[in-house]
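K.L.:
Sequence:
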Amino acid sequence: MKTKVVRSLREEIFPVDKVTENCHASTVLPVGETIVAAWFGGTKEGNNDVKIWVSVKENGEWAEPYSISVEGEELPHWNPVLYLRDDNAICLYFKYGKPISSWRTYYCVSYDGGKSFMKPEELVPGEKDGARGPVKNKQIRLSNGTVLAPSSKEPKHSAWKCFTDISEDDGRTYKHSKFVPGVRKNGKSVKMIQPTLWEDKNGVHMLIRSDAGRIYKSDSNDFGMTWSKPVETPYPNPNSGIDLVKLEDETVVLCMNPVGANWGNRAPLVLMRSFDGGNTFEEFFKLEDIKGDYEFSYPAIYAEGKTLYITYTHERKTIIYWEVEIE
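Numbered according to our numbering, the sequence shown spans residues 16 to 342.
Please keep in mind that the hints were generated in silico from the structure rather than gathered at the bench.
In this text, a Cβ means the ideal position worked out from N, Cα and C, and glycines have one as well.
Hints may contain errors.
[Claimed, not checked] The list that follows gives simulated cross-link-like pairs (lysine to any residue, SDA-like), each with its CA atoms no further than 25 Å apart:
hint, residue 1, residue 2
1, Lys261, Phe299
2, Lys193, Ser158
3, Lys244, Lys332
4, Lys59, Trp77
5, Lys168, Asn280
6, Lys321, Glu26
7, Lys17, His191
8, Lys176, Lys72
9, Lys176, Pro114
10, Lys190, Gly160
11, Lys130, Ala78
12, Lys66, Ile335
13, Lys72, Lys332
14, Lys72, Arg100
15, Lys113, Lys130
16, Lys168, Leu90
17, Lys59, Pro170
18, Lys203, Gly275
19, Lys168, Ser243
20, Lys261, His191
21, Lys216, Asn236
22, Lys168, Gly202
23, Lys72, Gly47
24, Lys193, Phe238
[Unchecked claim] Label-pair ranges, simulated between beta-carbon atoms:
hint, residue 1, residue 2, range
25, Arg199, Glu79, 43 to 53 Å
26, Gly320, Glu76, 35 to 45 Å
27, Ser243, Ser23, 29 to 39 Å
Kindly generate the complete structure, drawing on both the sequences and the hints.
P.N.:
Following this line, the structure appears as structure tokens:
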């Protein structure tokens, strides 16, 4: 089967260098007639002045971005993730601190469609081992009513490892799943982080970023509590973020950099679609077609009907927003 693009729209959420010197790791959420986007920005990733930034698109225009930060010690903020609760409140999760292995997870809530957020609070008070809740990609609501957050940890002295955080109260509290089993390639442990999730009649599935030049896949038959040993897919990955979304017709759309070298170029950036439950994917649209030493990275993707809502980092200078309507 082939995918037809019937409409597309590309925008900069803000002009290059007009908000912060550096920006990265966006998240996107359509809410009614508005679009909410968030990212982190400052002088450079990991610097203490890096905060979370939010902008809302309403009546065709992106509002002036505003910042969110944890009160107290000035430390870097990372990887925001937006989530719409059943009560229509918007939750914004993010990481705080350094090094990455000592991240704490915070969240804040908006009751006005993302135009403002309450004071950030720790998701799991006192936990400082790197990650709880979503680490980069969005949560999904499962058929059993629970919410599943894709997560991972990057300890200093051992392999990166993935897991899912499971919420039975719509994203307010979480319980930790078992870790995704480790795998080895060419005699070395494969580092795997930042999974992205979907559910179908065969269970819950994740595709995973890795340092082995390929995307990996793992499956769960118990709503994300335990996971199968990951297998290598044919799809390249330059050790950079990916994201996917399942559409109403059960097809899956994946956004990725088709580069198969560890710490390789993060360009181009493409959309792939699977018609067989995520077993095979075919490219159907190039968000960024240029190749070489460029950065179009860390995509976030959401869908309503056949319309895809996408954001990603553009050369660390702005965040790009796309709407892509497909058949």
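K.L.:
Now tell me if each hint is right for this structure.
P.N.:
Checked hints:
Using a Cα cut-off of 25 Å, the hinted pair Lys261 and Phe299 holds, with the two alpha carbons roughly 16 Å apart. A distance of roughly 20 Å separates the Cα atoms of Lys193 and Ser158; the hinted pair therefore holds under the 25 Å criterion. In summary, the hint linking Lys244 to Lys332 is not supported, as the alpha carbons are separated by about 38 Å, beyond the 25 Å threshold. Simply put, Lys59 and Trp77 have alpha-carbon atoms about 24 Å apart, close enough for the 25 Å limit, and the pair holds.
Taking the CA atoms of Lys168 and Asn280, the gap is about 23 Å. The hint holds against a cut of 25 Å. This hinted pair checks out: Lys321 and Glu26 have alpha carbons roughly 19 Å apart, not beyond 25 Å. Restraint check for Lys17 and His191: the C-alpha separation of about 39 Å exceeds 25 Å, so the hint is violated. About 35 Å separates the Cα atoms of Lys176 and Lys72, which puts this hinted pair outside 25 Å; it is violated.
Under the criterion of a C-alpha separation no larger than 25 Å, the hint pairing Lys176 with Pro114 is consistent with the structure, at around 16 Å. Taking the CA atoms of Lys190 and Gly160, the gap is near 15 Å; set against the 25 Å cutoff, the hint holds. Taking the CA atoms of Lys130 and Ala78, the gap is near 9 Å; set against the 25 Å cutoff, the hint holds. The hinted pair formed by Lys66 and Ile335 meets the criterion: a straight-line CA distance of about 18 Å does not exceed 25 Å.
A threshold of 25 Å between alpha carbons decides the hint, and for Lys72 with Lys332 the separation of about 19 Å falls inside it, so the pair holds. For the suggested pair Lys72 and Arg100, the alpha carbons sit about 19 Å apart, so the restraint of at most 25 Å is met. As the CA atoms of Lys113 and Lys130 are separated by approximately 28 Å, the hinted pair breaks the 25 Å bound. Using a Cα cut-off of 25 Å, the hinted pair Lys168 and Leu90 holds, with the two alpha carbons roughly 19 Å apart.
Taken as a hint, the Lys59 and Pro170 pair is honoured in the structure, with Cα atoms around 22 Å apart against an allowance of 25 Å. The hinted pair formed by Lys203 and Gly275 meets the criterion: a straight-line CA distance of about 17 Å does not exceed 25 Å. Among the hinted pairs, Lys168 with Ser243 is consistent with the structure: their alpha-carbon atoms are about 18 Å apart, no more than 25 Å. The straight-line distance between the Cα atoms of Lys261 and His191 is roughly 24 Å, inside the 25 Å bound, and the hint therefore holds.
Note on Lys216 and Asn236: the hinted pairing holds, with a Cα-Cα distance of about 10 Å set against a maximum of 25 Å. For the hint pairing Lys168 with Gly202, the CA-to-CA distance comes to about 22 Å; that is within 25 Å, so the pair holds. A hinted pair counts as satisfied when its Cα atoms are at most 25 Å apart, and Lys72 with Gly47 qualifies at roughly 11 Å. A threshold of 25 Å between alpha carbons decides the hint, and for Lys193 with Phe238 the separation of about 12 Å falls inside it, so the pair holds.
Checked against the hint of 43 to 53 Å, the pair Arg199 and Glu79 passes, with Cβ atoms roughly 49 Å apart. Hint check: Gly320 to Glu76, Cβ distance near 23 Å, so the stated range 35 to 45 Å is violated. Distance hint for Ser243 and Ser23: a CB-CB separation of about 36 Å, consistent with the stated range 29 to 39 Å.
In summary, the numbered hints that this structure violates are 3, 7, 8, 15 and 26.
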